[in-house]
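S.K.: Taken in order, these protein sequences are the chains called A and B. With our numbering applied, the first sequence corresponds to residues 101 to 212, in that order. With our numbering applied, the second sequence corresponds to residues 943 to 1056, in that order.
Hints are computed from structural coordinates only; laboratory data are not their basis. A few of these clues could be false.
Restricting the straight-line Cα-Cα distance to at most 25 Å, the calculated cross-link-like pairs of lysine to aspartate or glutamate (DMTMM-like) are [claimed, not checked]:
{"hint": "1", "chain 1": "B", "residue 1": "K1020", "chain 2": "B", "residue 2": "E957"}
{"hint": "2", "chain 1": "A", "residue 1": "K109", "chain 2": "A", "residue 2": "E175"}
{"hint": "3", "chain 1": "A", "residue 1": "K157", "chain 2": "B", "residue 2": "D1028"}
{"hint": "4", "chain 1": "A", "residue 1": "K157", "chain 2": "A", "residue 2": "D171"}
{"hint": "5", "chain 1": "A", "residue 1": "K157", "chain 2": "B", "residue 2": "E994"}
{"hint": "6", "chain 1": "A", "residue 1": "K157", "chain 2": "B", "residue 2": "D1041"}
{"hint": "7", "chain 1": "A", "residue 1": "K157", "chain 2": "A", "residue 2": "E175"}
{"hint": "8", "chain 1": "B", "residue 1": "K1015", "chain 2": "B", "residue 2": "E952"}
{"hint": "9", "chain 1": "B", "residue 1": "K1012", "chain 2": "A", "residue 2": "D171"}
{"hint": "10", "chain 1": "A", "residue 1": "K157", "chain 2": "A", "residue 2": "D199"}
{"hint": "11", "chain 1": "B", "residue 1": "K997", "chain 2": "A", "residue 2": "D199"}
{"hint": "12", "chain 1": "A", "residue 1": "K157", "chain 2": "A", "residue 2": "D129"}
{"hint": "13", "chain 1": "B", "residue 1": "K997", "chain 2": "B", "residue 2": "E971"}
{"hint": "14", "chain 1": "B", "residue 1": "K1020", "chain 2": "B", "residue 2": "E959"}
{"hint": "15", "chain 1": "B", "residue 1": "K1015", "chain 2": "A", "residue 2": "D199"}
{"hint": "16", "chain 1": "B", "residue 1": "K1020", "chain 2": "A", "residue 2": "D129"}
{"hint": "17", "chain 1": "B", "residue 1": "K1020", "chain 2": "A", "residue 2": "D101"}
{"hint": "18", "chain 1": "A", "residue 1": "K109", "chain 2": "A", "residue 2": "E162"}
{"hint": "19", "chain 1": "A", "residue 1": "K109", "chain 2": "B", "residue 2": "D1028"}
{"hint": "20", "chain 1": "B", "residue 1": "K1015", "chain 2": "B", "residue 2": "E957"}
{"hint": "21", "chain 1": "B", "residue 1": "K1015", "chain 2": "B", "residue 2": "E994"}
{"hint": "22", "chain 1": "A", "residue 1": "K157", "chain 2": "B", "residue 2": "D968"}
{"hint": "23", "chain 1": "A", "residue 1": "K109", "chain 2": "A", "residue 2": "D129"}
{"hint": "24", "chain 1": "B", "residue 1": "K1012", "chain 2": "B", "residue 2": "E971"}
{"hint": "25", "chain 1": "A", "residue 1": "K157", "chain 2": "A", "residue 2": "D140"}
{"hint": "26", "chain 1": "A", "residue 1": "K109", "chain 2": "A", "residue 2": "D171"}
Listed next, with one range per pair, are the computed distances between beta-carbon atoms [unchecked claim]:
{"hint": "27", "chain 1": "A", "residue 1": "R118", "chain 2": "B", "residue 2": "P982", "range": "43 to 51 Å"}
{"hint": "28", "chain 1": "A", "residue 1": "L161", "chain 2": "B", "residue 2": "K1015", "range": "38 to 46 Å"}
{"hint": "29", "chain 1": "B", "residue 1": "K1015", "chain 2": "A", "residue 2": "P170", "range": "12 to 20 Å"}
{"hint": "30", "chain 1": "B", "residue 1": "M953", "chain 2": "A", "residue 2": "D171", "range": "17 to 25 Å"}
{"hint": "31", "chain 1": "A", "residue 1": "A195", "chain 2": "B", "residue 2": "Q1011", "range": "23 to 31 Å"}
{"hint": "32", "chain 1": "A", "residue 1": "I112", "chain 2": "B", "residue 2": "P951", "range": "26 to 34 Å"}
{"hint": "33", "chain 1": "A", "residue 1": "T200", "chain 2": "B", "residue 2": "P982", "range": "14 to 22 Å"}
{"hint": "34", "chain 1": "A", "residue 1": "H173", "chain 2": "B", "residue 2": "I988", "range": "20 to 28 Å"}
The C-beta atom is built at its ideal place from N, Cα and C for all residues, glycine as well.
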Amino acid sequence: DSGVTQTPKHLITATGQRVTLRCSPRSGDLSVYWYQQSLDQGLQFLIQYYNGEERAKGNILERFSAQQFPDLHSELNLSSLELGDSALYFCASSAGGRDTQYFGPGTRLTVL
Amino acid sequence: AQTVTQSQPEMSVQEAETVTLSCTYDTSESNYYLFWYKQPPSRQMILVIRQEAYKQQNATENRFSVNFQKAAKSFSLKISDSQLGDTAMYFCAFMNHNDYKLSFGAGTTVTVRA
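With the hints as extra help, turn the sequences into a complete structure.
M.R.: Below is the structure:
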């Protein structure tokens, strides 16, 4: 158990819908990262937050957005969902930028 | 952008034997970090080992060790005394010292045979 929690574990929804994925980092960690794992694109970095502020953006679609709240938990919002958004979404946390990232169990999103 | 290449899609090893996974990366930076993560069938991403580029000594964690060749931009993982629980996909990952995202390779599936 890494200490990073993610909810829900599984999510099944339809195209065009909007979902929210939630992540709670390890106690004391200020940085939260979101990654997407799909069969065709592998593991890709989406976005990073540090103590409530966005720090880095990767290959995140405009339909996706995220935020980190004052209690340091983070949410990833995916809207206008398409079949291709079906993937495993990981949240990771670290104490700071150069520290090791520890991953949560992931949320499996299936878009039908 | 940094690229990480794992040239072995699948490897099989007998229990108690040793297996070595290859990883090469491309960067113009001199200060960075390298990682191996393990993803068993449960899909959880588990850190196996971390190496700082400024350290010449190769990192080890119990049965796991790396061979870090900075000039060759190579970072291989050796699993000694393989156990059935080592069956997983192994990802090599790169992180620049001032860009904190992880860039992952495509992964190598390791199967340990009884």
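S.K.: Next, verify each hint and record whether it holds.
M.R.: Each hint tested on the structure:
Between K1020 of chain B and E957 of chain B the alpha-carbon distance is near 14 Å, which keeps this suggested pair within the 25 Å criterion. A distance of roughly 14 Å separates the Cα atoms of K109 of chain A and E175 of chain A; the hinted pair therefore holds under the 25 Å criterion. The suggested pairing of K157 of chain A with D1028 of chain B is violated, with an alpha-carbon distance near 33 Å, which exceeds 25 Å. For the suggested pair K157 of chain A and D171 of chain A, the alpha carbons sit about 21 Å apart, so the restraint of at most 25 Å is met.
With a CA separation close to 24 Å, the supplied pair K157 of chain A and E994 of chain B stays within the 25 Å bound. At roughly 10 Å between alpha-carbon atoms, K157 of chain A and D1041 of chain B fall within 25 Å of each other, so this suggested pair holds. Between K157 of chain A and E175 of chain A the CA atoms are separated by roughly 15 Å; this keeps the pair inside 25 Å, and the hint holds. At most 25 Å may separate the alpha-carbon atoms for a hinted pair to count; K1015 of chain B and E952 of chain B meet this at roughly 22 Å.
Only pairs whose Cα atoms come within 25 Å are accepted, and K1012 of chain B paired with D171 of chain A is rejected, the gap being roughly 40 Å. For the hint linking K157 of chain A to D199 of chain A, the alpha-carbon distance of about 18 Å falls within 25 Å, and the restraint holds. Between the alpha carbons of K997 of chain B and D199 of chain A the distance comes to roughly 16 Å, so the proposed pair stays at or under 25 Å and holds. A distance of roughly 19 Å separates the Cα atoms of K157 of chain A and D129 of chain A; the hinted pair therefore holds under the 25 Å criterion.
For the hint pairing K997 of chain B with E971 of chain B, the CA-to-CA distance comes to about 15 Å; that is within 25 Å, so the pair holds. At roughly 11 Å between alpha-carbon atoms, K1020 of chain B and E959 of chain B fall within 25 Å of each other, so this suggested pair holds. Taken as a hint, the K1015 of chain B and D199 of chain A pair is honoured in the structure, with Cα atoms around 21 Å apart against an allowance of 25 Å. A distance of roughly 30 Å separates the Cα atoms of K1020 of chain B and D129 of chain A; the hinted pair therefore is violated under the 25 Å criterion.
This hinted pair checks out: K1020 of chain B and D101 of chain A have alpha carbons roughly 24 Å apart, not beyond 25 Å. For the proposed pair K109 of chain A and E162 of chain A, the alpha carbon gap of about 24 Å is at most 25 Å, so the pair holds. With a C-alpha separation of about 24 Å, the suggested pair K109 of chain A and D1028 of chain B falls inside the 25 Å cut-off, and the hint holds. This hinted pair does not check out: K1015 of chain B and E957 of chain B have alpha carbons roughly 30 Å apart, beyond 25 Å.
A hinted pair counts as satisfied when its Cα atoms are at most 25 Å apart, and K1015 of chain B with E994 of chain B qualifies at roughly 13 Å. Restraint check: the Cα-Cα separation between K157 of chain A and D968 of chain B comes to about 21 Å, which is no more than 25 Å; the hinted pair holds. For the proposed pair K109 of chain A and D129 of chain A, the alpha carbon gap of about 22 Å is at most 25 Å, so the pair holds. Straight-line distance between C-alpha atoms of K1012 of chain B and E971 of chain B comes to about 11 Å, which keeps the hinted pair within the 25 Å bound.
Distance check on the hinted pair: K157 of chain A and D140 of chain A sit about 20 Å apart at the alpha-carbon level, within 25 Å; holds. Under the criterion of a C-alpha separation no larger than 25 Å, the hint pairing K109 of chain A with D171 of chain A is consistent with the structure, at around 21 Å. Taken as a hint, the range 43 to 51 Å is violated for the pair R118 of chain A and P982 of chain B, whose Cβ atoms sit roughly 32 Å apart. Checked against the hint of 38 to 46 Å, the pair L161 of chain A and K1015 of chain B fails, with Cβ atoms roughly 31 Å apart.
In this structure the supplied range 12 to 20 Å is violated for K1015 of chain B paired with P170 of chain A, their Cβ-Cβ distance being about 41 Å. The hinted window of 17 to 25 Å between M953 of chain B and D171 of chain A is violated, with their beta carbons roughly 43 Å apart. Checked against the given bound of 23 to 31 Å, the beta carbons of A195 of chain A and Q1011 of chain B, roughly 29 Å apart, stay inside it. Between I112 of chain A and P951 of chain B the Cβ separation comes to about 29 Å, which falls inside the hinted range of 26 to 34 Å.
Separated by about 19 Å at the C-beta atoms, T200 of chain A and P982 of chain B satisfy the suggested range of 14 to 22 Å. Our hint of 20 to 28 Å for H173 of chain A and I988 of chain B holds, since their Cβ atoms are close to 22 Å apart.
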